[in-house]
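Q: The listed protein sequences correspond, in order, to chains G and A.
To convert, take the position in the first sequence, counting from 1, and add 72; that gives the numbering used here.
To convert, take the position in the second sequence, counting from 1, and add 1123; that gives the numbering used here.
Hints were generated in silico from the structure; no laboratory data involved.
Only a predicted model underlies this, so the values are computations on that prediction, with no experimental measurement involved.
Mixed in with the good hints, there may be bad ones.
To be verified - Capping the alpha-carbon separation at 20 Å, the derived lysine to any residue pairs in SDA-like fashion look like this:
#1 A:K1132 - G:H193
#2 G:K149 - A:G1351
#3 A:K1132 - G:L111
#4 A:K1132 - G:E162
#5 G:K188 - A:D1385
#6 A:K1132 - G:V191
#7 G:K210 - G:L111
#8 G:K188 - A:T1128
#9 G:K155 - A:N1129
#10 G:K188 - A:P1130
#11 G:K155 - A:T1139
#12 G:K155 - A:K1149
#13 G:K106 - G:Q85
#14 G:K149 - A:T1128
#15 A:K1132 - G:K210
#16 A:K1149 - G:T372
Claimed, not checked - Listed below are several chain A residues computed to face chain G (Cβ distance under 7 Å; list not exhaustive):
#17 F1179
#18 G1193
#19 G1204
Backbone N, C-alpha and C define an ideal beta-carbon position, used for all residues, glycine too.
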Amino acid sequence: MTVTSNQYSVISQAELAAWLDALARTTTLIAPYKMADILLYQPVQSSREIAWDFGRPVMSAKEFFFPPSERLLLIEKGAGGVKLTETIHEGKQVIFGARPCDAHGVKLLDALFLDKPPVDHYYANRRANTALIGLACKEMGAACFCTSVGGAPDDAHNMDVMLYPVDGGYAVEAVTEKGKSLISDLRFTNADYTRQTSIANRKSPTLAPGASAGVVNPQSSIVNPQSINWPAHFDDEYWARTSERCLSCRACAYVCPTCRCFAVRDEYLPVEAAGCGPGCTQYERIRSWDSCEGENYRRTAGGHRPRAEKSQRLRNRYFCKFYFYPDQYGLGNASACTGCGRCVDICPVNVDITEVITDLAR
Amino acid sequence: MSNTTNPMKPYLGKLTAVKDLATEIKLFRVELLNGGNEAFASFQPGQFAFVSAFGFGEAPFGIANTTQRGPCVDFAISRLGSVTTGLHELGEGDIVGVRGPLGNWFPMDQFKGKNLIVLGGGIGGAPLRPVIQHVLDNRTDYGRLTILWAARNPSLLVFTDEYDEWRQAPNTSLHLTVDHADEKWDHNVGLITQLLEKVAPSPENAVTITCGPPIMIYYVTRMLEKMGFASRNNYVTLEARMHCGLGKCGRCNLGTKLICVDGPVFNMAQVGELMETFL
Chain G
73 MTVTSNQYSV ISQAELAAWL DALARTTTLI APYKMADILL YQPVQSSREI AWDFGRPVMS
133 AKEFFFPPSE RLLLIEKGAG GVKLTETIHE GKQVIFGARP CDAHGVKLLD ALFLDKPPVD
193 HYYANRRANT ALIGLACKEM GAACFCTSVG GAPDDAHNMD VMLYPVDGGY AVEAVTEKGK
253 SLISDLRFTN ADYTRQTSIA NRKSPTLAPG ASAGVVNPQS SIVNPQSINW PAHFDDEYWA
313 RTSERCLSCR ACAYVCPTCR CFAVRDEYLP VEAAGCGPGC TQYERIRSWD SCEGENYRRT
373 AGGHRPRAEK SQRLRNRYFC KFYFYPDQYG LGNASACTGC GRCVDICPVN VDITEVITDL
433 AR
Chain A
1124 MSNTTNPMKP YLGKLTAVKD LATEIKLFRV ELLNGGNEAF ASFQPGQFAF VSAFGFGEAP
1184 FGIANTTQRG PCVDFAISRL GSVTTGLHEL GEGDIVGVRG PLGNWFPMDQ FKGKNLIVLG
1244 GGIGGAPLRP VIQHVLDNRT DYGRLTILWA ARNPSLLVFT DEYDEWRQAP NTSLHLTVDH
1304 ADEKWDHNVG LITQLLEKVA PSPENAVTIT CGPPIMIYYV TRMLEKMGFA SRNNYVTLEA
1364 RMHCGLGKCG RCNLGTKLIC VDGPVFNMAQ VGELMETFL
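Here chain G stands alone, though its shape is the one from the complex (with noise of 0.2 Å):
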């Protein structure tokens, strides 16, 4: 991405706070949030509870476009029938302070629930209803690999507005119709700052492949995992050994901005909240996300259990990543990884993605 000066307005700290207080009293603003010492993306209700300075957040920005757990349908079922009621969120909602993984994660979803037919009316009406005003990485983490998978820490792409720490505030880019429609109302009032910033006074590093970099980035040696033959490890005695310690804990997966993997069920709706009358009864359809770690995740109701060894399940899962969901959902020479390192940090036993590109590399 060639960036020159003269394309970016700079807003103040406290300018573009007061901003999205006023946004925030009209849609739901999402910001990174700091709960206990775990940082969140949350609802906010004022630039006030925002974590301004922050790194990665623990969980992805994906719960807000494919929930951990929402509502399909609800079910009514009395003397006249059954009926169902589709339920469609159709809130406006914006994310301010997206990382680039983020972002890239949202894309790599849209193939799937976009791209590929039919489309998934709870995941497309989310994304419709959703802006991403990013916020460009000021440094990398121990396990941010996001320059291996095509990624960058200053990445504008999939984000509706980029922001990129500057002196003096933001330098504010507009990368998409919605977004320069969502700041049409910004005011720069900060006139000094305005086309004069340059690029020298970014912090924000370019560590896109190739570009030469004035920042450390920690993870330079992960090669690209599209640069490994994986059909040809797909035997390898290698998963029983690195699986060992896998607990299935399913933690890797659900911080993931891409794992996307969901079971639909059933459940009743107590009485207190039904209200379709006597002799009625309300249940709800539930997605809620779920992983190919999960011990049972494959069990038919028969018994019949495939994939019943947790190398079989955790090679799976690379694999989705790096070969089948790109063959799948038409991702070309990408990865469905973005680099982002939360199943590296999250996980409890040490497993580590960027340890299996580097070995299979190898």
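Dock chain A against the given chain G, drawing on the hints supplied.
A: Positioned in the frame of chain G, the structure of chain A alone reads:
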């Protein structure tokens, strides 16, 4: 939003018949309501659908009849888990949900003029019934039809009251076997592979269609290849506990292929190219 635009929303259907087929196995005949009958106007042998027992959930089942034998849609369902238990509690006149038709199908047009060997094990016979119905209803389009039908014991054999129709059809034979016989049983005893060896159908101008437990599919197709059937002529339909049937939920992949949209029907040459075993 209408039914046709949200593929996760089922059509409502009324059960016009619920009858016992075998121990803990029932036939559910569904008359689709409001728009569903259009969606199910032309399903093909081998396709599947999700059936909802509202309050219990939904699960995928092979469609057990042909459009020609319609207008209702049949499902043969064994009571094994929570959804199937919920379905088994329903009776005539009750409302279920149906999503589909989904997946690919047996290429019945390509099979024209060929001899067909159909091998069904237990509830695996359900998606094979439309194949048999299609051949019987278009009898002159196909060569010899040989049906090998198996179950663990006689009480688990499905579609027993249709055996006479099958036996009496021209150029058609039915061979039965059970793993464990009872005192009234006067057919073969043993695995379907033993029956297959005994019947010894010719691979000449023939295709085979197998459905049953994965372990049965594995051994039957292995034996068929030994008998000279080319793997591309051995068709199977595979199972998985899918949650969407639309290529989204990620639960049914075998390597890069998804059973729900790339299958459930495969020939064994295709199965051989999969990175992962279906076992």
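Q: Each hint: holds or not?
A: Against the structure, the hints come out as follows:
no.	hint	in the structure
1	A:K1132 - G:H193	10 Å, holds
2	G:K149 - A:G1351	54 Å, violated
3	A:K1132 - G:L111	36 Å, violated
4	A:K1132 - G:E162	18 Å, holds
5	G:K188 - A:D1385	13 Å, holds
6	A:K1132 - G:V191	13 Å, holds
7	G:K210 - G:L111	16 Å, holds
8	G:K188 - A:T1128	15 Å, holds
9	G:K155 - A:N1129	15 Å, holds
10	G:K188 - A:P1130	13 Å, holds
11	G:K155 - A:T1139	19 Å, holds
12	G:K155 - A:K1149	25 Å, violated
13	G:K106 - G:Q85	18 Å, holds
14	G:K149 - A:T1128	23 Å, violated
15	A:K1132 - G:K210	45 Å, violated
16	A:K1149 - G:T372	19 Å, holds
17	F1179	6 Å, holds
18	G1193	22 Å, violated
19	G1204	3 Å, holds
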